Each structure stands twice: as C-alpha cells, then as structure tokens.
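Participant: The residues making up each chain are set out below.
Protein chains: 4
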Amino acid sequence: MNCFGVKFRVTTFGESHGNAIGCIIDGVPSGLEIDESYIQNEVDKRKPGLTKFATQRKESDKTQILSGVFNGLSTGVPIALVIFNENQKSNDYENIKSLFRPSHADFTYFKKYTIRDYRGGGRSSARETAARVAAGAIAKKLLEKFNIYVKSGVFAIGGIEAENLDFEYANTSEIFALDKTKEDQQKEAILRVKKLGDSIGGCVFVKVANAPAGLGEPLYNKLDAALAAALMGINGVKAVEIGEGVNVSRLRGSQNNDQMDENSFLSNHAGGILGGISTGEDINLKVHFKPTPSIFLEQQTQNEQNESVKFNLKGRHDPCIAIRGSIVANAMVSLVLADMLLLNASSTLENLQKIYGK
Amino acid sequence: MNCFGVKFRVTTFGESHGNAIGCIIDGVPSGLEIDESYIQNEVDKRKPGLTKFATQRKESDKTQILSGVFNGLSTGVPIALVIFNENQKSNDYENIKSLFRPSHADFTYFKKYTIRDYRGGGRSSARETAARVAAGAIAKKLLEKFNIYVKSGVFAIGGIEAENLDFEYANTSEIFALDKTKEDQQKEAILRVKKLGDSIGGCVFVKVANAPAGLGEPLYNKLDAALAAALMGINGVKAVEIGEGVNVSRLRGSQNNDQMDENSFLSNHAGGILGGISTGEDINLKVHFKPTPSIFLEQQTQNEQNESVKFNLKGRHDPCIAIRGSIVANAMVSLVLADMLLLNASSTLENLQKIYGK
Amino acid sequence: MNCFGVKFRVTTFGESHGNAIGCIIDGVPSGLEIDESYIQNEVDKRKPGLTKFATQRKESDKTQILSGVFNGLSTGVPIALVIFNENQKSNDYENIKSLFRPSHADFTYFKKYTIRDYRGGGRSSARETAARVAAGAIAKKLLEKFNIYVKSGVFAIGGIEAENLDFEYANTSEIFALDKTKEDQQKEAILRVKKLGDSIGGCVFVKVANAPAGLGEPLYNKLDAALAAALMGINGVKAVEIGEGVNVSRLRGSQNNDQMDENSFLSNHAGGILGGISTGEDINLKVHFKPTPSIFLEQQTQNEQNESVKFNLKGRHDPCIAIRGSIVANAMVSLVLADMLLLNASSTLENLQKIYGK
Amino acid sequence: MNCFGVKFRVTTFGESHGNAIGCIIDGVPSGLEIDESYIQNEVDKRKPGLTKFATQRKESDKTQILSGVFNGLSTGVPIALVIFNENQKSNDYENIKSLFRPSHADFTYFKKYTIRDYRGGGRSSARETAARVAAGAIAKKLLEKFNIYVKSGVFAIGGIEAENLDFEYANTSEIFALDKTKEDQQKEAILRVKKLGDSIGGCVFVKVANAPAGLGEPLYNKLDAALAAALMGINGVKAVEIGEGVNVSRLRGSQNNDQMDENSFLSNHAGGILGGISTGEDINLKVHFKPTPSIFLEQQTQNEQNESVKFNLKGRHDPCIAIRGSIVANAMVSLVLADMLLLNASSTLENLQKIYGK
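Protein chains in written order, with the working numbering: chain A, 14 to 371; chain B, 14 to 371; chain C, 14 to 371; chain D, 14 to 371.
Hint data in this document are derived by calculation from the structure and do not stem from the laboratory. This one's a predicted model, so the numbers in the text were calculated from it and none came from an experiment. It is possible that some hints are incorrect.
Note: identical chains are not told apart, hence a pair may lie in one copy or across any two.
[As the list claims (entries may be wrong)] Only pairs whose alpha carbons sit at most 25 angstroms apart, straight line, appear in this in silico PhoX-like list of lysine-lysine:
no. : residue 1 : residue 2
1   : K124      : K367
2   : K65       : K323
3   : K193      : K154
4   : K154      : K367
5   : K164      : K110
6   : K367      : K158
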C-alpha cells in the first residue's frame with residue numbers, strides 16, 4: 014500500500030539509510046513540460062542541512078528522471094524519479110538497533126513485520142518524504158497550467174501563532190514563517206528547546222488558490238477526506254483542520270454558515286469544501302505536527318528483548334519537524350488536487366462530449 | 014468512488030428521497046455469525062425521530078440482508094443490505110429546488126454534475142450514513158471476535174466539554190453524552206439554539222480498545238491516514254484529532270513522547286498510533302462536527318440562475334449533527350479497523366505459514 | 014473483490030437462491046438518459062425460460078432502479094439495480110448439498126470458504142450474470158452516445174461454425190446464431206445432446222464497432238488485458254481470442270502484420286488493438302464456453318466427507334451456456350469499453366484543457 | 014495504470030531507450046530471503062543477445078535492489094529494482110520517427126497521447142518486460158516457500174507443436190523448447206523466416222504445480238480472469254487458453270467434466286480452475302504470441318502527416334517473440350499466484366484466528 018491517488022497515482026520506495034529513495038508517478042497526462050530543475054527546486058526546499066533549524070545531515074538530494082519524459086514533455090507513461098542516499102551515518106544507530114525510541118515507529122514496525130531496518134528509522138523516516146516532494150513538483154506543474162496554486166507556510170511554533178498569512182514571505186523565511194512579525198519569536202522558541210536537547214511542535218497552514226468548483230469524488234473519495242488522509246499520513250501529524258476546523262464544534266449554524274450573494278460566498282468558514290467537493294473558494298487547511306520524537310534527553314524505553322532500558326539518542330535531527338513538514342504538506346495537497354482534477358474529467362456527459370465529440 | 018476499504022470494502026448507494034439506500038460489503042471472511050437483529054440494533058441507534066434532539070423524520074430504517082449470509086453465517090461472498098425509504102416529504106424541498114442552501118452541498122453538486130437531486134440534499138444527505146452504520150455493524154461483529162471494541166460518544170456541544178469519558182453511560186444517554194455531569198448543560202445548549210431556529214456544533218470522541226499492535230499499512234494506507242479520511246468524510250466534519258491532536262503543536266518532545274517500561278507505554282499522547290501503525294494502546298480520536306447548516310433563520314443565497322435570493326428553510330432537521338454523528342463515526346472507525354485487520358494478515362511470511370503450512 | 018472497472022465500476026451481489034441479485038454502478042457520468050425499460054430489455058435477452066434451448070427456470074427478472082437516476086437522467090451518484098429472485102426451487106439441491114458436482118465451483122468454494130450456499134451453486138451460479146447484463150445496459154447507453162456499438166452472437170456450437178457474421182440476425186435468433194445458414198445444424202446439435210441428458214460447448218463472437226483509437230490504459234490495464242479478464246471471468250469460459258487469436262502462433266509477420274495506407278489499416282489481424290490500445294478498427298473477440306457441467310448422466314464425485322459417490326443431477330439447466338453467455342459477453346465488453354472511455358479522458362493535457370479551459 | 018496486483022502489487026516504469034527500466038514491488042511479506050543473484054538469474058533468462066534466436070541488442074540487464082531488503086531479508090516495505098539501459102541505438106529509429114510501424118503500438122500511442130517516444134517503441138517495447146521478470150523472481154521465491162512451482166516453455170513455433178512437455182528440458186534449450194524431439198524443427202522454422210527477413214508466431218505453455226485449492230477471488234478477481242489479463246497483457250499475445258481452452262467449445266459435458274473419486278479429480282480438463290478458484294490440480298495455460306511485427310521486408314504504412322509511405326525497417330529484433338515471451342509469461346503467472354496467495358489469507362474467520370488468536 015505504498016501508493017496514493019487514483020488516476021494521478023504516486024508509489025514511493027526507499028529507506029533512510031538504504032541505497033536510494035524515489036517514486037513512480039503514474040497518470041501524468043501527456044504534453045506537460047517537465048523541467049528537471051523545477052523538480053530539483055522543490056526538492057531543495059525540504060533538503061536537510063541548510064539551516065540551524067534543520068537536521069545537519071548533508072544530502073544533495075539530486076533528483077534524476079529515469080523515465081516518462083521525452084524532449085522535455087511528459088509522454089503519458091510513468092515518470093520514475095530517484096534520489097540516491099549519500100550521507101548515511103548508520104553507525105549512529107548501532108546503539109539503538111535493538112531498542113524502540115519513544116514515540117518513533119520502531120516499536121510498531123517491529124510488531125507488524127517482526128524484522129526492521131533500524132537505521133534511521135528505515136522506511137518510517139521522514140527522509141522518504143523527499144520522494145513525495147519530488148512527485149508533488151510534477152503535480153504543481155500540472156495545477157499551474159490551470160492557474161491553481163498551492164501555498165504553504167509555518168503558522169505556529171509551540172503555540173506562537175501567525176496573525177497574518179504572507180505566503181510570499183514564507184518562501185523566503187528560514188523557517189517558512191507566514192508572519193514576519195512572529196518569526197523571531199518562533200525561531201527563538203526553536204533554538205531554546207534545541208539548546209536543551211528537546212524539540213517542539215508546530216502548525217502548518219496550506220492554502221489552495223483558484224481550485225475550480227467541482228473537485229472531489231463524493232462518497233468516499235471526497236476532497237476533504239482525501240486531503241485529511243494525505244496530511245494525516247505525513248510523519249508526525251496528529252490533527253488536520255479544514256476551514257474553521259476544531260472551532261466548528263463551538264459555533265452555531267448562524268455563525269458558521271457561508272451565505273452567498275449573486276457573485277460569491279460572503280464568508281469561507283467551510284474552507285473551500287462543501288459535501289466533499291470544492292466550492293471555488295480558497296481551500297484552507299491546518300496541519301498539526303508533533304514535536305520531533307528524537308530528543309537528546311535521557312529517556313526510558315523497551316528493547317526487543319522486552320527489557321526496560323534508559324538511553325541517550327545520537328544522530329542528527331530536526332528540532333521542529335513542522336518546518337520542513339510545511340513543504341511536504343504542500344506536496345501532498347498538490348498531489349491530491351492533481352488527482353481530483355483528473356478524476357473529475359469524466360464526471361459529466363458534457364465533459365466527455367468535449368473530448369470525444371458528439 | 015462510492016466505496017472505501019481495500020479488503021473489507023463497502024460500497025454504498027442511495028439518496029435522501031430516492032427509493033432506497035444500502036450497501037454491499039465485500040471481503041467479509043466466511044464463518045462470521047451475521048445476526049439481522051444485531052445490525053438493526055446498530056442502525057436503530059442513529060434512527061431519526063427518536064428524541065427531540067434529532068430530526069422528526071420518521072423512518073423505520075428496517076434493514077434487510079439481500080445476500081451473503083446462509084444459515085446464519087457469512088459465506089465469504091458480498092453481503093448486500095438495503096433500507097427502503099418510507100417517510101420522504103419531497104414537497105418540503107419544492108421551494109428550494111433551484112437555490113443553494115448555505116453551507117450545504119447543493120452548490121457543489123450542481124457545479125460538479127450540473128444536474129442534482131435537490132430533494133433533501135440527495136446523495137449528500139446524512140441519510141446515506143445509515144448504510145454506513147449497517148455496514149459498520151458487521152465490521153464490529155468481526156472485531157469483537159478478536160476482542161476489539163470501538164466505543165464512542167459526544168464529547169462536547171457548543172464548547173461544553175466532557176471531563177470524564179463514560180462510554181457505557183453514553184449508550185444510554187439521549188444525546189450520547191460521555192459525561193453525565195455535563196449532559197444537562199449540553200442538552201440545554203441544544204434546546205436553546207433549537208428554539209431560536211438555529212443549530213450548534215459538537216465534538217465526538219471515539220476510542221478503540223484492544224486493537225493489537227501492528228495494524229495499519231504504512232505509506233500510504235496508514236492507520237491514522239485511513240481513520241482521518243473515514244472521519245473527515247462524514248457529513249459536517251471539519252477536523253480530526255488523534256491522541257493529543259491539535260495540542261501537539263504546542264508541546265515539547267519531552268512532554269509529548271511516550272516512554273515505555275518493560276511492560277508497556279507509560280503514556281499515550283500518540284493516541285495508539287505511531288508511524289501509521291497501531292501500538293496496542295487505546296486509539297483515541299476526536300471528531301469535530303459543524304453546526305447543522307439547515308437553520309430556520311432567514312438567509313441569503315444564490316440560485317441556479319445566479320441571482321441573490323433570501324429564503325426561509327422548511328423541513329425536518331437535527332439541531333446538532335454531532336449526536337447521531339457519533340454513531341456514524343463509530344461505524345466508520347469500525348470499518349477501518351476491520352479492513353486493517355484483514356490487510357495485515359499477509360504482512361509477514363510467518364503469518365502466511367500459519368495459514369498455508371510450511 | 015466483487016467489483017470491476019476503475020472509473021466506471023460495477024459491484025455485484027447475490028446468489029442463485031438468495032433473496033435478490035443486483036449491482037451498484039459507480040462512475041456513470043451525470044446527464045445520461047437512463048431508461049428503465051431499456052435496461053429491462055437487455056436483461057430480458059438473457060432471461061431464463063424463454064426457449065427450449067435454455068433452462069426452464071422461470072424468472073421475471075424485473076429490474077428496479079433504487080438510486081442514482083432523477084427525472085430520467087443519471088445524476089453522477091451510484092446507480093443501484095436490484096432483481097429479486099422468484100422461482101427458487103431449492104429442494105432440487107437437497108440431494109447434492111454435501112457433494113461436489115463435477116466441474117462446478119462447489120468444490121472450490123468449499124475449499125476456499127469452508128462454508129457454502131449449495132443451493133443452485135450460490136454465488137457461482139450464472140444467475141449472477143443477470144446483474145452484469147443490467148449494468149452492461151447502462152454502459153451500452155453511454156457508448157451509444159459516442160456511436161460505439163457492441164454486438165455479439167453465437168459463432169459456433171459443438172464445432173459447427175458460422176461462416177458469415179450477421180449480428181442483426183443474431184438478435185432475432187432463438188440461439189443468437191450469427192449465421193442463419195448454420196443455425197439449424199447448431200440447434201440440432203444442442204437438442205441432440207439435450208435428449209441424451211448431456212450438454213455442449215460453444216463459441217461466442219463479440220464485435221465493437223466505432224470505438225475511437227486511443228482507448229486502453231497501457232501497462233497494465235491494457236484494453237486487451239481488461240477484455241480478457243472480463244471475458245475469462247464469465248462462468249464457463251476457458252479461452253479468449255482477439256483478432257487472429259490462436260491462429261497467430263502459426264503465422265509469419267508478413268502474414269499477420271496490418272499494413273496501412275493514408276486512410277486506414279489494410280487488414281485487421283490485430284482485432285482492433287495494438288499495444289493494448291484501440292486502433293479505431295473493429296474490435297473482434299472470440300469467447301469459448303465449455304459445455305454446461307450440469308448434465309443428467311450418472312457421474313462419480315466426492316462429497317464433503319471425502320467419500321466417492323455416484324449421483325444423478327436434478328434441476329433445470331441450460332444445455333449450452335454459450336447461448337445466454339453471448340449476452341453476458343456483450344455486457345462485459347460494454348462495461349470495459351465504458352471504463353476505458355472514462356479513463357482516457359485525462360490522458361492528455363489537451364483533453365483537460367478542453368474541460369477546464371486555459 | 015502501470016501497476017497490477019492488489020496485495021502483491023507491482024508498478025513498472027521505463028522505456029526501451031530511456032535511462033532505465035524498473036519496478037516497485039509492494040506487499041512482499043517480511044521475512045523472505047531476497048537474493049540478488051537469484052533475481053539476476055531470472056532476468057538473465059530473458060536477456061537479449063544470447064542466441065541467434067533473439068535480438069542482438071546487448072544489455073547486461075544488471076538488476077539492482079534499491080530498497081526493501083535488509084540483511085538479506087524482505088522487511089515488508091517496497092522493494093525497488095532498477096536496470097539501467099546500456100545499449101540504446103536510438104539512431105536506428107531516426108528514419109521511422111514519424112511513421113507507424115505496421116502492427117506496432119506506434120500508431121495507438123500517438124493517437125492516445127499525441128506525443129510519443131519513438132525510440133524502440135518507447136514504453137510499448139518488450140524491453141519493459143525485463144522489469145516484470147525481475148518482479149516475478151521475487152514472486153517465485155515466495156511461492157517456492159509454499160512448494161508452488163511455476164514452469165514454462167515453448168509449446169509451438171509456427172504450428173509445430175510439442176507432443177510431450179518436459180519443463181526441465183525447456184530450461185536448457187536455446188529456444189526453451191518443451192519437446193526435445195520437436196526442437197530442431199522449431200529452430201529451423203525460425204531460422205528459415207529469419208533468413209527471409211520475416212518472423213514467426215509461437216505458443217507458450219505455463220504450468221503451475223502444487224497451487225493449493227482455494228486461490229482466486231471470485232467475482233471479479235477470479236484466478237482465471239487475473240491470469241488471462243496478466244497473459245493477454247504481454248506484448249504480442251492474442252489468445253489465452255486455460256485447460257482444454259478453445260477445444261471446450263467443441264466438447265460435450267460428458268467429455269469435458271472432471272469427475273472425482275475419494276482422493277482427487279480423475280481428469281483435468283478444467284486446467285486447475287473451477288469457478289475462478291484453484292482446484293489443487295495443475296494449472297495449465299496456453300499463451301499465443303503473434304509473429305514479431307518488426308520484419309525486414311518492405312512494408313506500406315502511414316506517417317504522422319497522414320501520408321502513405323513505404324519503408325524498410327532497421328534495428329535488432331527477435332525473429333520469434335514467443336521464446337523470450339515464455340520467461341515473461343512465467344513471471345506474470347508467478348505474480349498473479351503470489352497476489353492470490355496473499356489475498357486469500359483473510360478469506361475465512363478461521364484463517365484470521367490462526368494469525369490473531371481467538
């Protein structure tokens with residue numbers, strides 16, 4: 014089950030310390046300009062080792078296209094992308110190879126498969142998300158053809174929340190902060206916990222602009238359901254909100270309803286989705302990332318022999334996964350939207366007549 | 014795309030005011046006792062018309078088994094269930110047939126399909142969820158064979174939150190309240206808005222007890238991703254939280270990590286899921302339902318001719334969809350767990366050897 | 014796994030002697046005229062009890078639409094169809110309830126599920142194919158919008174082969190014979206074996222006219238692969254041929270290649286499919302049905318207690334399943350083509366631009 | 014749609030003259046010994062350039078494992094395999110870049126995608142099948158754990174048919190001939206047409222030994238349907254037969270039925286499958302390959318500008334694709350069986366109880 018999407022379908026492979034990670038993207042329509050540098054540019058955004066706010070693992074994350082592109086255009090056949098791992102320090106994991114790091118997937122992978130690649134978390138490592146970002150770049154390219162833009166940034170760090178959302182600014186910020194006026198506080202919060210050997214949680218905001226009304230395959234591949242799955246499936250995410258989000262459970266209908274005039278909606282509590290289908294308004298999403306489980310404080314845990322052990326972690330880790338997570342969230346949302354765009358193509362007889370004539 | 018699940022797969026059909034609603038459940042292992050009255054019992058929990066906290070539409074919701082059960086046991090072939098509609102009052106919808114009720118799916122279905130069954134919201138009506146509850150009953154039956162129990166109840170209404178979670182009590186409460194000491198306040202909040210012609214939001218808690226460690230198909234049919242999709246896809250849900258939920262984005266790793274001793278986890282911030290796989294701890298979920306969009310206050314909206322119109326709703330509606338939504342959430346979680354149980358059966362060579370011998 | 018198709022997806026349910034059989038058809042584009050009498054007309058073609066060449070079981074096969082159609086048009090939501098069983102004579106099966114009829118699925122269902130509905134073969138009965146024909150009627154309706162016609166008839170009975178293919182004539186023939194000049198011989202062959210208590214095999218020809226070039230999702234949902242699965246999955250089918258079929262293994266490239274001039278192909282050995290994609294030429298298929306396994310001669314078999322037993326069958330059976338099988342084959346091919354038509358809608362960026370503008 | 018299988022799922026990528034071909038195999042249970050040399054051994058069987066009966070293209074077909082294997086064992090996560098292309102002679106295709114080779118997929122890919130990688134047929138090249146063989150090697154490894162063996166060989170060339178099937182011998186034959194006494198005639202037939210610049214068709218036999226009864230997911234992922242799709246989807250295949258195959262349409266029930274005694278079936282006309290489920294007998298399949306469309310005789314065709322042109326092919330081509338096709342057919346059958354083995358694991362409550370306890 015290492016794939017997602019129905020028509021625009023991505024299958025990924027790879028472990029943190031294996032030979033390579035990568036993906037196959039199936040269902041890309043033919044005729045799309047695929048620019049290797051454009052993909053690289055997206056991948057580079059989540060590349061490790063760039064700032065003091067991210068892990069110091071150094072990877073060039075050089076992304077190669079193995080198939081599916083000819084003379085600069087997609088041909089309709091699968092596009093395979095590969096990123097070879099370069100900076101594995103597997104020795105960092107020798108001392109924890111038989112124990113389960115708290116709040117990591119070590120324990121659950123072991124329970125499920127009885128065997129596990131303990132090096133860097135193996136498949137459960139966030140390193141795998143580089144493949145998602147690479148695939149997401151192609152989705153974004155497709156969406157842009159239809160003027161659809163997926164924007165994202167860091168909304169909150171440790172409870173310090175943005176008040177204004179400036180997605181342009183986020184692109185230039187070391188921590189992808191949405192609100193310049195909060196950025197310093199947010200950075201400080203990160204560095205404070207980092208110094209303590211601790212980590213911190215954060216919240217990411219994703220906005221889709223210009224998605225046409227009508228996207229989403231109701232019951233049960235609804236747009237909101239698909240987005241929730243795509244986002245909750247990112248490493249460390251524990252909550253997903255759409256539009257008003259958790260706040261809806263406190264509101265009255267008269268407060269939450271989005272009335273309309275002849276032109277448009279007068280508010281957007283719905284976050285751009287009604288009945289699982291896009292309304293044409295902005296799609297607004299909040300994604301809550303837990304603090305990195307890899308901390309440098311002594312912790313107690315269990316090992317494979319069912320003994321209680323105390324241990325101190327080594328290795329290189331992000332103090333706040335929400336930061337690079339914002340790039341991954343952007344990619345996942347892009348992939349969902351691209352899939353919905355394709356799926357919707359056959360929703361009406363009229364659409365089919367546009368393609369096949371009458 | 015009206016199906017969900019991979020091996021334990023449910024496909025539903027039906028509209029609010031059509032002839033019938035129902036479902037086909039595929040992948041039920043042979044040999045499971047299927048008791049029509051047990052299914053009916055689950056369906057009756059979300060039946061309309063029972064209390065003043067629910068819509069006054071009267072439906073017997075008599076659920077018939079059309080196939081797949083022989084001599085009281087599942088035979089491994091598809092189980093079809095059907096519920097004929099009885100109490101359609103389609104005339105209630107004549108005055109709104111060409112306009113889009115605010116925060117309903119009227120607008121988006123029209124945009125997607127250009128044609129729509131406007132009677133009671135057609136397919137987008139919560140009436141369809143009766144089919145999910147019927148299917149969920151079979152999932153629950155399967156789970157109980159393995160001592161897995163899915164429990165649910167109303168956690169909050171309009172911000173009035175439970176402090177203790179008593180799932181036994183919830184079963185007996187008219188509003189499925191989890192906390193008896195908050196129930197009166199919660200009821201009062203509902204009746205207050207109801208009297209005003211308004212509605213109110215609520216939050217549902219779902220707990221899975223005794224799920225074995227190892228369930229979930231990581232990347233990308235993770236347990237958390239699948240649960241998020243299943244829950245976000247319920248009518249009116251705008252946020253899903255697992256374990257600490259939105260709160261994780263405020264915590265430090267040292268606060269949020271679940272350490273272990275030789276026996277078990279020492280806390281459960283993770284809500285029973287790590288790396289998309291169950292840990293063996295309770296799975297804890299919060300689901301936020303928006304206030305019913307159907308309110309009886311005058312509202313402004315658009316019609317199919319792109320004109321701005323004011324209108325007053327008629328019809329019979331729940332003042333708080335979270336109440337009956339708690340039954341639907343329970344069913345959806347049960348369906349996800351059943352699917353994961355089946356999918357996991359082939360996760361190791363050892364499992365296969367237990368079945369096929371060596 | 015009781016569904017097929019990706020976008021135009023059919024899920025069926027029901028057993029020979031259960032309450033009902035039926036299906037859910039998902040993915041029908043909105044705006045298609047759905048005429049109940051048109052569906053009934055297709056279903057009636059394979060209805061039992063009409064001639065001496067078919068089983069004498071009497072079923073009205075009245076097909077009801079339960080959902081998905083409003084004001085005579087598909088609305089884009091699932092269309093559920095149900096046919097209640099009426100003429101079950103389950104007593105006919107009492108004497109064989111614990112034995113495995115030779116060349117029936119009794120043995121394999123028992124091995125797979127350990128439990129089985131022995132009445133009339135349960136789910137493995139060809140009765141289930143009525144649901145496929147009902148679904149196929151909707152597919153045909155869609156295809157006709159694009160001038161695509163799926164035609165079929167009986168090509169051979171017991172080795173007596175048609176020399177001319179007249180699909181118009183086949184529609185009027187009691188045995189759906191394609192060649193009027195062979196019909197009497199073919200009928201005679203059937204009646205001869207019937208009198209002996211035996212049965213006979215047959216071959217069905219299906220032709221798709223006017224399918225546009227470009228249908229088929231190569232690697233691995235090729236048009237030919239999907240057709241082969243759809244046809245081989247019909248009860249009693251043991252071989253599927255496309256174009257030259259088995260004969261290709263005897264030919265040279267210079268004999269089998271289809272050259273072209275500026276207008277079209279100069280021959281059609283390929284049977285309308287190259288590389289898994291339609292060429293625009295007629296799609297030609299041959300489907301080989303085994304003789305009905307239900308014969309009235311004494312046979313030896315095994316029972317559930319692993320004893321060898323001799324037995325004589327009772328019940329009502331077709332002497333030649335290819336006859337009604339030709340209607341089922343037609344439906345299955347129609348369903349595949351409808352799915353491919355929908356899937357292909359997003360194959361090029363140009364197609365998407367026709368739908369979404371820009 | 015470049016994947017097949019449900020639980021044991023393979024997704025392939027790559028074109029004849031692109032950078033690489035390869036695949037991701039998802040769903041391999043953890044704990045299986047994965048031996049790179051074992052995979053290579055299978056891949057080498059269909060490697061080009063080995064004999065005068067195959068194309069002279071020289072490829073080492075070195076297969077690398079990129080993920081999913083740790084310490085020699087599968088870990089349950091996706092196994093990615095890659096084969097870099099080495100001996101592309103794209104210049105061979107310059108003169109045909111704008112024309113459609115007769116009976117090739119050039120025309121249909123162009124019609125579907127409007128763009129195509131004309132070099133060596135791009136994605137439609139049989140070169141892609143190396144990835145299937147690599148994936149098939151892992152499936153075979155799994156099957157062997159359960160004593161299931163998939164055997165294959167060349168049954169007929171140009172109508173010269175084997176009379177005895179010796180699968181051991183086939184492994185040692187340059188043309189994988191099943192019958193040593195026919196091998197010389199078959200070779201001669203190939204060399205005769207090769208000398209003329211022509212090609213020849215052939216028929217491959219695949220036998221599965223020791224498949225347990227109960228495999229196959231009836232309606233509609235039947236074992237026979239899945240095998241038919243897998244085999245018909247191989248380049249150049251135009252007919253698939255199971256058991257008696259096309260011959261069934263000539264037989265009577267009394268001739269074709271497989272009676273049983275207390276131990277087993279007394280015959281195997283069914284070819285090991287009844288009702289879409291394995292019987293436990295040998296599964297017997299015949300696969301008919303057309304003659305290679307690439308011949309060196311002058312042919313007439315159309316070009317992209319819709320003109321009629323005559324042309325003479327260059328390049329390196331197999332005179333008979335059935336030979337290497339027998340290895341591909343073997344792989345495809347192995348993949349289907351592995352998938353069915355996994356899918357069947359949850360078919361009964363009893364199976365689940367073996368895994369999860371009671």
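Participant: Hint by hint, note whether the structure agrees.
Facilitator: Checked hints:
In this assembly of identical chains, K124 and K367 lie within 25 angstroms of each other by CA distance solely across copies; the values are 17 angstroms between and 52 angstroms within a copy. Taking the shortest Cα distances, K65 and K323 never come within 25 angstroms of each other, neither inside one copy (28 angstroms) nor across copies (56 angstroms). Taking the closest pair of Cα atoms, K193 and K154 never come within 25 angstroms of each other, the shortest separation being 28 angstroms inside a single copy and 53 angstroms across copies. When the C-alpha separation of K154 and K367 is checked against a cutoff of 25 angstroms, the pair qualifies both within a copy, at 23 angstroms, and between copies, at 18 angstroms.
In the homo-oligomer, the alpha carbons of K164 and K110 never lie at most 25 angstroms apart, since the shortest distance is 39 angstroms inside one protomer and 37 angstroms across protomers. For the identical chains of this complex, K367 and K158 are neighbours both inside a copy (19 angstroms) and across copies (12 angstroms), given an alpha-carbon limit of 25 angstroms.
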